[in-house]
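As a plain string of letters, each chain reads:
Protein chains: 2
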Amino acid sequence: MTTATKIKNDRILKALRCEATDRPPVWMMRQAGRYLPEYQAIRKQFSFLDLCKNPPKAAEVSVQPYEILGVDAIIMFSDILVPLEPMGSAVSFATGSPKFADPIRTPEQVDALKALDASELETSCSFVYETITEIKSRVKDEVPVLGFAGAPWTLASYMIEGGGSKDFAAIKTLSYQNPHAMHQLLQKLSDTIADYLILKLKHGADAVQLFDTWASMMTQEDYQEFALPYQQKIIAKIREKYPEASITLYVNGVANILDYMLQSGANCLSVDWRVNLAEVRSFVADRNIAIQGNFDPCKLLGTKQSVIDETKRMLELAGNEPGYIANLGHGILPMVPVENARAFIETIQANS
Amino acid sequence: MTTATKIKNDRILKALRCEATDRPPVWMMRQAGRYLPEYQAIRKQFSFLDLCKNPPKAAEVSVQPYEILGVDAIIMFSDILVPLEPMGSAVSFATGSPKFADPIRTPEQVDALKALDASELETSCSFVYETITEIKSRVKDEVPVLGFAGAPWTLASYMIEGGGSKDFAAIKTLSYQNPHAMHQLLQKLSDTIADYLILKLKHGADAVQLFDTWASMMTQEDYQEFALPYQQKIIAKIREKYPEASITLYVNGVANILDYMLQSGANCLSVDWRVNLAEVRSFVADRNIAIQGNFDPCKLLGTKQSVIDETKRMLELAGNEPGYIANLGHGILPMVPVENARAFIETIQANS
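For the protein sequence lines, the chains are A and B, in the order given.
Under this note's numbering, think of the first position of the first sequence as 1, with each following residue one higher.
Under this note's numbering, think of the first position of the second sequence as 1, with each following residue one higher.
Just so you know, the hints here were simulated from the structure itself, not pulled from any lab data.
Watch out, some of these pointers could steer you wrong.
Copies of one chain are not kept apart here, so a pair can be met inside one copy or by any two copies together.
As the list claims (entries may be wrong) - Each computed DSSO-like pair below joins lysine-lysine, with the alpha-carbon atoms no more than 30 Å apart: (1) Lys304 - Lys188; (2) Lys14 - Lys99; (3) Lys312 - Lys166; (4) Lys304 - Lys237; (5) Lys44 - Lys312; (6) Lys6 - Lys188; (7) Lys188 - Lys312; (8) Lys166 - Lys140; (9) Lys202 - Lys57; (10) Lys241 - Lys166; (11) Lys6 - Lys99; (12) Lys304 - Lys53; (13) Lys99 - Lys166; (14) Lys8 - Lys44; (15) Lys140 - Lys304; (16) Lys237 - Lys44; (17) Lys166 - Lys44.
Since the structure is predicted, the reported quantities are computational estimates derived from the model, not experimental observations.
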């Protein structure tokens, strides 16, 4: 985003603008991850958070899927929960899953959290921005680098539930018992995340993705009250600073909220496998909105031939109109065989 | 189902047939459960499975929500995993969640499972049918008694994953690597479950509900391959024996599969809170299909006033056409205050 430098492999940047490309660009959510032995080799030297906070090593694992699998974009290695620690809500990954020692449950705890401005973020999350710089210095202008952040509802769900959740009972309890406190929390997150992403663009990210992974777990009315307005605020604030910024919005489970996702201001919607890709593409046709997705990550656990067949099927449903980025519908799973990930990527790259 | 006896409170039976009622009938999925102190008092004397296998006590907890909250239907206390033990796949609830000591992962394990016919079920699951008889003898012809079962995909997910799952990676791995073995398993489950439900009707259940809770977690194509055909087989087999049987199909996350649920042969679709109830009702209008749902169980964790307001909102969306049964969109949670469950029920009962 920083420069007018032309990126050599600009397929994804074009697709995000709904411009024609020779073939669909492809990358995989969570592509710098445990399914790669090369990632595991580095990961075993560091805790997960220490790896996030080590720019040279974080850059190294970010670049791995590009070097090993030839994806069309590098997404920086990090975690959506990283900016919460300097806000006052520390998370640990010691057990493999995120865990908050002090889940946010009361208005007093919400009050105590600190929204961070750009200068505070540039200090407390300096490692994030250094990682981008480091990736850029490794890959030069070969391929785009993507930044990302969690959206307020999804971040709040981890902070309030204390980690992952099955039913989101704690965040909904706060939302329905004390909507005022909930909105305060979402506003603090929204202020922080907007600047967090602006700084990623400033430091060299070529595009960004906002993950509102769990926003689909509530009613459509609640989505409009607790998720959409904060997505809109973040996207609008980024566009004030970078009018041309490409912003992708991801939700896991979009079937009932595509209409509202369109209102977010994002220029690309990243969708899961439970929707018909052809229907989604036709839903956004003529709106200049790109679609990203939507391979079921579990399909990578089938046979190599089933991966090839299902990838071709996805491409057929995506059709040939510009504005399509091949990807998974959720992060790649640790037990995926690398050869299956490669079959997915290569089937897309052979499609022209 | 056994008799032509007129049930005094027949609201739900009428609504299931899309006939007019004075007000919408209401019950709550998992209504015989831990949110009730009266249930807990009995539950602490028995393990979960021992309570399922004790007809007088199972009948007692089944009747509690009718006596305490005045719901319009009694659903028998049991668990969808109960018929799997005599098939050869034993489950334990010792930790509070279902856990299979030997998850099904290979074709050999599928081969070893036994599909049960009616006479085997009547012996091995006698306690299930005795519970229905016991409930009937307690409530006479006052109120309908509902039976239920898990659908093949959902039962298979527990058997293969070994319990609950976040990503359903194990069942999908088997499905994509060895679809033949998967279909064998689903067929055995389907044969067993059809007879299991037929016997519930024979022993006095006035209607049944088929839970395919997790069938929404796959692609639409997979739903049509792995879920729909087995729902259809079960429902068709029941209707061969009991042409007038009322069969409700529940899935948690119906937004992308309503079309296919309609093809199941069920006369009532039980839907979750992430769809717009007015849209769903208008989707099935003129098809003689009833709709059940769709209150977010987490909404019962709000204030009493928020429960009342949201219940009224649900009723407005449901509209006044016949064929609507008020219910939750998933099972009631253990931490729900009884007074909030009562506010939900009473708000519906006041609506005429």
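Against the structure, the hints come out as follows:
In this assembly of identical chains, Lys304 and Lys188 lie within 30 Å of each other by CA distance solely across copies; the values are 28 Å between and 45 Å within a copy. With identical chains, the CA atoms of Lys14 and Lys99 are never at most 30 Å apart, being 38 Å at best within one copy and 49 Å at best between copies. In this homomeric assembly, Lys312 and Lys166 come within 30 Å of each other (Cα to Cα) only across copies, at 27 Å, whereas the closest approach inside a single copy is 33 Å. For a Cα distance limit of 30 Å, the shortest separation of Lys304 from Lys237 qualifies neither inside one copy, at 44 Å, nor across copies, at 37 Å.
When the C-alpha separation of Lys44 and Lys312 is checked against a cutoff of 30 Å, the pair qualifies neither within a copy, at 36 Å, nor between copies, at 54 Å. For the homomeric pair Lys6 and Lys188, neither the shortest alpha-carbon distance inside one copy (36 Å) nor that between copies (59 Å) is at most 30 Å. Within a single copy, Lys188 and Lys312 get their C-alpha atoms no closer than 43 Å, and across copies no closer than 32 Å, so neither meets the 30 Å cut-off. For a Cα distance limit of 30 Å, the shortest separation of Lys166 from Lys140 qualifies neither inside one copy, at 42 Å, nor across copies, at 39 Å.
Taking identical chains as interchangeable, the C-alpha atoms of Lys202 and Lys57 lie at most 30 Å apart only when both belong to the same chain, with a minimum of 21 Å there against 66 Å between chains. In the homo-oligomer, the alpha carbons of Lys241 and Lys166 never lie at most 30 Å apart, since the shortest distance is 37 Å inside one protomer and 38 Å across protomers. Within a single copy, Lys6 and Lys99 get their C-alpha atoms no closer than 41 Å, and across copies no closer than 55 Å, so neither meets the 30 Å cut-off. Taking the shortest Cα distances, Lys304 and Lys53 never come within 30 Å of each other, neither inside one copy (36 Å) nor across copies (45 Å).
For a Cα distance limit of 30 Å, the shortest separation of Lys99 from Lys166 qualifies both inside one copy, at 14 Å, and across copies, at 17 Å. Taking identical chains as interchangeable, the C-alpha atoms of Lys8 and Lys44 are never at most 30 Å apart, the minima being 33 Å within one chain and 67 Å between chains. For the homomeric pair Lys140 and Lys304, neither the shortest alpha-carbon distance inside one copy (33 Å) nor that between copies (59 Å) is at most 30 Å. Taking the shortest Cα distances, Lys237 and Lys44 never come within 30 Å of each other, neither inside one copy (38 Å) nor across copies (55 Å).
Both within a single protomer and between protomers do Lys166 and Lys44 lie at most 30 Å apart by alpha-carbon distance, with minima of 29 Å and 25 Å respectively.
Checked against the numbered hints above, the structure violates hints 2, 4, 5, 6, 7, 8, 10, 11, 12, 14, 15, 16; every other hint is satisfied.
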